Amino acid sequence: MPLLRGLIAGGRERRSASSLPPLYGRQTAAEVVVSPERALQIGAVYSCVRLLAETGSMLPVDVVERRGSARYVVDDDPAGQLLTDTPNPNMHAGEFWSLMLAWQLLRGNALAYIERNGAGAPVGLWPISWTSVADLRRASDGQLVYEVMLDTDEYAPIGGPSALLRADQVLHFRAFGVDGIRGLSPIGMNRQAVGLGHAALSYIGRFFARDASPGALLSVPGKLDDEQYERLEQQWLGLHEGFERSHKLHILEGGATWQKVSLAPADAAFMDIYKMTRADIAGVYGVPPHMIGDVDRSTSWGSGIEQQSLGYVIYALTPWLTRLERTARRVLAAPGRRVKFRTNALTRGDLPARTAYYSASRNGGWLSANDIRALEDEEPIAGGDTYLQPLNMVPAGTVPVPPQRSARAVRSAGAVPDGSAMVALYPPAQLADQLAVPGGLPPEQLHVTLAYLGAELTEQQRADAAAVVASVARQHTGLAGGIGGLGQFAAGDDGIPVYAPVDVPGLAELRHRLVEQLSAAGVPVAVDHGYTPHLTLTYLADGDTPPAPVEPVDVAFAALSLTVGADRADYPFTGTRTRSAPSAPHSRAVSAGGGQPLPAAYPAWVARHAEKIGAHFARQHADVLARIADFGADVTAAQLLDAAGEDEALATVLAELAEDFAAEVGSSVAAALGGGYRVADAARWIAINAAAEAGNINATVLAELAEALGATDVQQAIRDMFGTLTEARAQQLARARVSLVGNFAAQDAATQSGVHNKTWRITSDDPRASHLAANGQTVPIDQTFEVGGHRGRWPHDYTLGVDEIAGCTCILEFRAGD
18 MPLLRGLIAG GRERRSASSL PPLYGRQTAA EVVVSPERAL QIGAVYSCVR LLAETGSMLP
78 VDVVERRGSA RYVVDDDPAG QLLTDTPNPN MHAGEFWSLM LAWQLLRGNA LAYIERNGAG
138 APVGLWPISW TSVADLRRAS DGQLVYEVML DTDEYAPIGG PSALLRADQV LHFRAFGVDG
198 IRGLSPIGMN RQAVGLGHAA LSYIGRFFAR DASPGALLSV PGKLDDEQYE RLEQQWLGLH
258 EGFERSHKLH ILEGGATWQK VSLAPADAAF MDIYKMTRAD IAGVYGVPPH MIGDVDRSTS
318 WGSGIEQQSL GYVIYALTPW LTRLERTARR VLAAPGRRVK FRTNALTRGD LPARTAYYSA
378 SRNGGWLSAN DIRALEDEEP IAGGDTYLQP LNMVPAGTVP VPPQRSARAV RSAGAVPDGS
438 AMVALYPPAQ LADQLAVPGG LPPEQLHVTL AYLGAELTEQ QRADAAAVVA SVARQHTGLA
498 GGIGGLGQFA AGDDGIPVYA PVDVPGLAEL RHRLVEQLSA AGVPVAVDHG YTPHLTLTYL
558 ADGDTPPAPV EPVDVAFAAL SLTVGADRAD YPFTGTRTRS APSAPHSRAV SAGGGQPLPA
618 AYPAWVARHA EKIGAHFARQ HADVLARIAD FGADVTAAQL LDAAGEDEAL ATVLAELAED
678 FAAEVGSSVA AALGGGYRVA DAARWIAINA AAEAGNINAT VLAELAEALG ATDVQQAIRD
738 MFGTLTEARA QQLARARVSL VGNFAAQDAA TQSGVHNKTW RITSDDPRAS HLAANGQTVP
798 IDQTFEVGGH RGRWPHDYTL GVDEIAGCTC ILEFRAGD
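Under the numbering used here, the first residue of the sequence shown is numbered 18, with each subsequent residue one higher.
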């Protein structure tokens with residue numbers, strides 16, 4: 018066929034190929050006619066083609082779209098199903114790619130017809146053998162035109178047995194070429210080596226079939242008669258023939274001698290030629306010789322099997338896959354999409370090197386989890402844009418809050434038995450009378466608790482508490498805000514608490530300063546339950562009808578009170594720390610946590626998260642120690658911890674925590690806004706977010722474990738690593754989760770309550786410039802804030818980036834009726 022096309026072309030000059038040997042010849046110096054089919058009879062050719070074709074076709078294939086710096090797997094591209102699953106009814110995607118690769122490897126070209134529906138969308142990919150391409154030429158507009166004549170055993174929906182196809186109707190996969198039209202056949206260009214290999218193989222076959230050379234000689238002086246000859250032959254065979262008689266002692270008589278016969282030098286040289294030809298053919302395809310059975314030269318591809326396998330993927334397989342990817346992308350619907358063969362599975366042998374790099378990058382702070390996932394062509398995850406500090410693996414810029422002791426941990430023999438102690442704000446008597454509900458707490462007992470100190474203070478602790486309360490009162494001016502609405506807490510020993518939400522600017526700062534100074538003075542402060550600013554009105558039994566919601570009213574607090582049992586001491590506010598004027602009753606502001614940072618408002622939830630996450634890390638530690646003894650020195654982190662199983666286990670823990678915490682925050686916010694909250698509506702977000710966060714956390718654990726496995730003292734490195742995880746890292750993750758889930762629940766509750774707008778509020782006295790600029794920014798409830806050049810739905814939204822998330826204490830604020 019090529020010769021005929023050459024005659025029809027009228028001797029047109031092929032200037033681009035003039036310096037090359039004839040590209041379509043088959044004769045060789047060894048007088049062997051070489052064709053692709055005959056070349057496959059050579060073991061080295063078959064091994065190389067099979068290895069590359071099967072390795073490429075076994076890989077998972079995705080359609081990937083790049084959006085900014087992130088890459089996403091696309092499931093809805095019309096051609097995606099053809100490229101990744103079923104190109105046509107007769108074959109699956111693996112068979113299609115294997116065929117395309119094999120044709121390129123043998124003939125240098127592979128062709129597939131693109132079947133399209135009436136709307137122009139691709140609906141099928143049909144392989145067409147390159148031998149069925151009668152001619153390939155350029156039209157007047159420069160576009161390639163393929164003249165196709167199908168063989169009798171071929172099928173493609175081209176409208177008949179022959180057709181002229183434009184370049185946009187086919188996928189033409191080309192091997193290396195020099196004219197931009199056709200790929201060069203590796204067999205045709207290297208037919209001398211292939212022919213020599215075929216000749217050597219044929220010679221070796223004939224050698225073993227016809228060779229009459231004996232393996233050894235027995236010689237005797239003189240001539241043997243028939244009887245002597247048969248006797249000597251039978252004696253020799255009887256003593257030495259067969260495996261069980263090998264290496265037995267034999268005594269030669271009558272001057273007989275034994276001599277081994279070696280292979281002739283010319284025959285031995287031909288064997289070496291055959292071996293050399295195998296290496297040459299491996300070089301044609303870029304395949305490491307050891308992968309087709311030639312181990313004599315394997316060390317030139319690396320010092321170990323991992324490096325050799327990595328060399329195969331990079332230098333042999335990837336160039337062919339790249340040709341497939343870049344050609345196949347022409348059938349995809351959007352310009353930014355591409356086909357991606359995932360070679361990760363083939364490079365897992367080099368996981369320690371990649372893990373070490375990612376671990377150093379992550380710990381060093383110049384790559385985030387999402388940066389690493391992008392390098393691995395994985396989708397970004399929620400919370401994955403956080404950059405870590407090398408010192409203690411916390412979000413950069415975060416300053417840990419000093420730990421607070423739980424009241425349950427403080428027990429003393431000299432406890433005061435005459436009642437509980439607390440620090441609270443009491444409304445004016447006239448307002449208390451107005452707020453009191455029938456059958457509820459008496460007006461004089463209505464208060465806003467700031468810190469519960471328990472019932473077991475010593476005399477010294479009572480004195481220290483009084484000094485702290487007096488000092489804090491001297492630092493602050495009076496507080497003013499609003500009280501209104503109705504809410505309920507979970508039932509306790511006294512029944513179901515019913516309360517009026519309290520909205521007082523500056524209250525969060527006051528409580529934080531108070532708790533911090535009490536703890537520093539050694540006074541126990543109960544932080545084993547969440548904190549929502551409220552004024553308890555009454556307690557209900559099951560089935561009781563709750564009172565009507567409190568109409569919003571203004572409130573002013575002039576003093577900070579310390580109450581021990583029935584004794585109450587008031588300390589007037591005389592400081593200069595001021596806050597904004599009270600909100601108007603009809604537009605009272607509502608926020609999760611009562612205007613303070615969520616981790617400070619819900620310390621019990623921080624502790625609960627830290628406990629659960631720390632238990633997950635502790636269980637991982639125990640599993641690693643139990644399994645590491647079963648592996649040798651080359652054990653990998655993936656062998657010690659199953660990533661999929663760990664992700665599922667942690668996602669379950671995070672989802673359960675998030676559901677319960679969101680229910681509490683959402684119910685509180687919704688009640689303050691006069692609405693209700695259905696946490697079931699948030700189940701999908703909670704599940705997706707928990708799964709993504711679990712994957713991010715466990716990816717970091719695996720990276721750190723891989724680094725620990727490379728330490729001199731592996732056991733100590735693992736202990737140190739999990740010690741940090743179960744303590745500092747668990748606490749940090751707990752605070753981050755409380756901030757993230759709490760802000761989400763607050764917005765979700767406001768949305769369910771019919772609120773239309775939301776406002777960004779700072780709670781810090783020393784906020785960063787971008788947060789100060791965002792303070793007071795109000796946007797529609799379903800829109801994003803602009804903070805420091807980024808956009809986010811709420812404080813701690815991962816889309817804001819690490820610079821805006823780290824150390825952030827901002828909150829969302831809503832207004833009832835807005």
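Since the hints were made in silico from the structure, they are not lab data.
Please read all numbers here as calculations on a predicted model, not as lab measurements.
The beta-carbon is built from N, C-alpha and C at its ideal position, and this holds for glycine as well.
Just so you know, not all the hints are guaranteed correct.
The calculated label-pair distances, taken between Cβ atoms and stated as ranges, are [said to hold, decoys possible]:
hint, residue 1, residue 2, range
1, D584, G560, 52 to 60 Å
2, S787, A537, 54 to 62 Å
3, G300, G806, 50 to 58 Å
4, T591, G509, 50 to 58 Å
5, A700, P459, 37 to 45 Å
Here is how each hint holds up against the structure:
no., hint, result
1, D584 - G560: 52 to 60 Å, "37 Å, violated"
2, S787 - A537: 54 to 62 Å, "31 Å, violated"
3, G300 - G806: 50 to 58 Å, "53 Å, holds"
4, T591 - G509: 50 to 58 Å, "36 Å, violated"
5, A700 - P459: 37 to 45 Å, "42 Å, holds"
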